[in-house]
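In the order they appear, the protein sequences are chains A and B.
For the first sequence, the numbering used here assigns the number 8 to the initial residue and increments by one for each residue that follows.
For the second sequence, the numbering used here assigns the number 46 to the initial residue and increments by one for each residue that follows.
Worth flagging that the hints you see were computed from the coordinates, not collected in a lab.
Being a predicted model, the structure only gives us computed values, none of them experimental.
We put the beta carbon where it would ideally sit given N, CA and C, even for glycine.
Keep in mind that the hints are not guaranteed to be accurate.
Facing chain B, according to a computed beta carbon distance under 10 Å, are these residues of chain A, among others [what the hints assert, rightly or not]: (1) L30; (2) L50; (3) T82; (4) M90; (5) I94; (6) D107.
Which chain B residues face chain A? A few, computed with CB under 8 Å, are given here [to be verified]: (7) V179; (8) L212; (9) F220.
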Amino acid sequence: MELILASAIGIMTAAGIYLVLRLRTFPVILGISLLTYAVNVFLFTSGRARVGAPPVLRDDITTYTDPLPQALVLTAIVISFGMTAVIVMISLGAFLGSDDDQVNDQPDPPQDRSEGSS
Amino acid sequence: MTHWLIAPVVLPAMLAPFIVLAARFHIGIQRVFSIVGVLTLIAIAGGLAWAASDGTVLLYQLGDWAAPFGIVLVGDKLSTIMVLLTAVLALFVLIYAISSGWDDRGWHFHALFQFQLMGILGAFLTGDLFNLFVFFEVLLIASYGLMIHAGGNERLRAGVQYVLFNLIGSTLFLFALGAIYAETGTLNMADLANRVDLIDAGETVGIRVAAVLLLLVFAIKAALVPLHFWLPSSYAEAPAPVAALFAIMTKVGAYAIIRVYTLIFPTDLSVTSGLHDVWLLPAALLSLAIGMVGVLAAKRLDRLVAFSIIGSMGMVMVSIALFSPEGIAAALYYIVHSTLAGAVLFLVADLVRTGRADLNLTPQPPVAGATITAGLFFISAIAMCGLPPLSGFLGKLLVLDAAYGTDLMVWTWVVVLGSSLISIVGFARAGSVLFWKAQSIAPPQDAVPKAPPATMSFVAAGGLITLLAAHTVFAGQVHSYTTAIAAQLFEPAPYISTVVDTPGKLSEPTEGH
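Next up, chain B with everything else stripped away, as it sits in the complex (with noise of 0.2 Å):
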């Protein structure tokens, strides 16, 4: 048993502490050791996911207890490339969060970033429900930091809603948690959907009420309607690098749906029979429309941003709640392309603020580096749009394709195609807004021009565009490796037996206990 599956969870949870310690005064150093930190990460994670590629299921058992009694971790090829996501989003945005100076404007930026770096990946590599729960709690409680990072009354007011939620949704979560072990015994994701099927089919009550419950809470993660409330406020509010860091959270929270909702109360299940279809689905069709109606009703770029995630989020969510080996695949591609097309929304909005008043969608007087602004903002809208020729368009295809036949088809294909038409609406009407019509106004007399963003900016914002034209160009190879996955969760028996028949400590009674 190799050491490196913990290696996501372990790197961070050291490097943080190490630098509230040792480097609490030296910003330089922090930068240094977060940069290297993150790269480390996605050498690590690089190579999980070459070792997961070919089908392997890795498993880590934590104190070497076997799966039932301890906690392990288990990475297959959904884990692996969740996590090195991450990791890559994590470095662009660092780069840009040090460039803009942004980690520099409140205290202990770099380590409460480690600690939601280590709250994330290891949500993303656990496989027991309850050190699910306490990785959501790492990446909340640092996610609260990060959100009030910088301070100022409107963040801090956003940042009590966003927190508030979030404990309501972290007691759901107990409820759904309790009542599960209650029913079944157990709280391990491969256990669990064992003992899950061997349950009577009269007595499914209290199971029924779990699921439900656990899929609220994910729900609320992933800010489904009518659960994204927390969402438009605390992103729009919150520190530009940590809102593109917390593009990859709510794709927790899809990821969470995904892995518990093919391994545990699988579709064919008839416990669960109806929730996917009768309530996901709308919801996810729900969420998709509101957030792009929401996208041209904003006021503001960053609420305008926030928006079109819980739009896009929608469109992952449609995707998932189909449920079939092709709508699976398609939410993992267009999971890759919204994460990476919300972060940098989130930057170029920061980049827009740079010389501006505020974000408010007024016409107001160029200012210094508008012009790759405009151009960036240009190509990110189109990829949030799913316009061609980016990844959004081929992401869109790729769900509508997957809806094809299927019951809500003619609703999935009106809804998908409507809310692309108003977000286009939206983007353009603030794309005019902020840099067409900004032409037509003359600075003031006395104007001092305000510097320029930091070259580095626009490249940590044009990094993440690149990305998403490399997922454009290899689509091809994403979009197997995606189909690759989905098979792999809909057979979950390798899976399952790799967790539960490896041997530790504790899967022999041996004398003496």
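So that you can see chain A by itself, here it is in the shape it has in the complex (with noise of 0.2 Å):
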């Protein structure tokens, strides 16, 4: 239990930074992904991993699993969904737009700027 979520939580986290690193959004985009499914589990694991007790405290239970990383987790994901959806929506705009994927600033940028007044 343990070796399988230590390993689910680092192979995550290296194949995500290992993706973020990438130049163009879409890889990127998916490392952050992936980065926050492995933050998600180990916040899951920050309360103890313990196999079949439940978070909610009831008469005559007497092991339970701490409740409170449960909750964490739910607005971790719920921000982090959000956020992966604000991210792809801002990419797929800038991509249309400039026709060009890359994360970098372009090295030589054109002179004649729109002033941003839409």
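Each chain sits in its own coordinate frame; assemble them with the hints.
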């Protein structure tokens, strides 16, 4: 159990960091998604991994697992999900607008930049 | 228990959906509600700052749950003064956005602006680390919308970088929170302060990792070199009023570092010893140097201002990294100055842009209203460089004084003074190219003179400069108050006991639970 969780977090983080360091937007977004999955599992285990124990206090239950990390994970999932949607939309807009999906700055920006007055 | 402490969060949170739902097609109504909301915020923030000024720690328990179980909002001197600073800055930024018409160049400016305020004010007021994360996300997601307000390819591209960088920062934040929770079993700041102190010296691996991760996250927010790469492009490409409001966002990172590393991981704690003097201070000196060199190297005015923000954040962080009461007091004085000066510089950059084709630092024919703009640029550049008579000079003096006698004193003095010189050269070059050489370029024969910026735009920028002047004139009073703030930060016992010992639901185990 511990081995599976720990290696899952490790592999997802490693793959996420590798993808985040790519040049184009799409792999970077995938990398960030992997990182958020890794951090969700990590948060989940921060309250100790325990199999088959309920997170809710009831009468006649003696072993239970910490419910707080589950609430934290829920918040983290919702936020990272929303953020991923936002970044997909913005990068799609940037790609459609400039026909280029490089993440970094272009070396030589065009001189006649628009004033941004839409 | 009064409910005023949560008002700075609730008011924008209610106003923003109202603006979206009810006033979506009426820019006039949006403007009125936005201005009235910010004015109310200033009144509330002023009241809170007044209530906290005698050293009381204001506490608000959400849902009346006692501290380690429920989320608390805490208003001490530091939080309330930052709230007040944000609200005042927001008013002038809003006046500028309305008068220059920036708010009408895209959708939902005012709603996003209110959500942005909600996130910033919540981050200042919360007493819970996970809640701090949530408010960071609120302010970030609003800032994503504001950052790409009015569209444009360059802006969208810069927006992608900005969002990506901050998403990675958020992920790091979650890793840090997970590690802290795994080690201590709590995320309430005051409760953490008690528990981190109890950790056995031999078992500090997890909490060390968490402390470093947390510092990294806040350093990303504060644009500390080498984590500053998101800032120049995004601040330069953001709409001017938004960039001016963002001047307070880097300060959120500085605030979080002050709060967490005086309360939870104080400098005398063996767990995190070496973090501030071995790592934070050199990084701060480096960002001060790189920021000001960037000022000299920038080819466009907006990038120049963005780099000066990095430099002045470096200055703030140098002072914070000393982690002495004098250092924190000087840092707080400089935070107020740097917020106002950075904001007014972004507004002036936009005034320069009005009537010009671009912001490249090349001589172009003078435009309407250039005289007042040049004057405003001159004053705000003086403020940012830290020349007398404005508050930047006093702030730098305070920082130098606080650094006197510390281990890295020579380095600090050399970098602070050297970077000041470089920034003076950079701003002088920019100003002379923009305003003096322009006089020697004749406008084309068929040129149609563009309209000068609206009067209220000048009023907004001038108002911020008036605040800077007031910050200079009343430097004695302000500095004695920041000294009092620092004293409160270095005596965290009343803060902790107020948060942990105030009774609420679940504070006493009762029958049936």
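These are the hints, each one checked on the structure:
| no. | hint | in the structure |
| --- | --- | --- |
| 1 | L30 | 12 Å, violated |
| 2 | L50 | 4 Å, holds |
| 3 | T82 | 7 Å, holds |
| 4 | M90 | 6 Å, holds |
| 5 | I94 | 5 Å, holds |
| 6 | D107 | 8 Å, holds |
| 7 | V179 | 7 Å, holds |
| 8 | L212 | 5 Å, holds |
| 9 | F220 | 6 Å, holds |
Consistency with the previously given hints fails for number 1 only.
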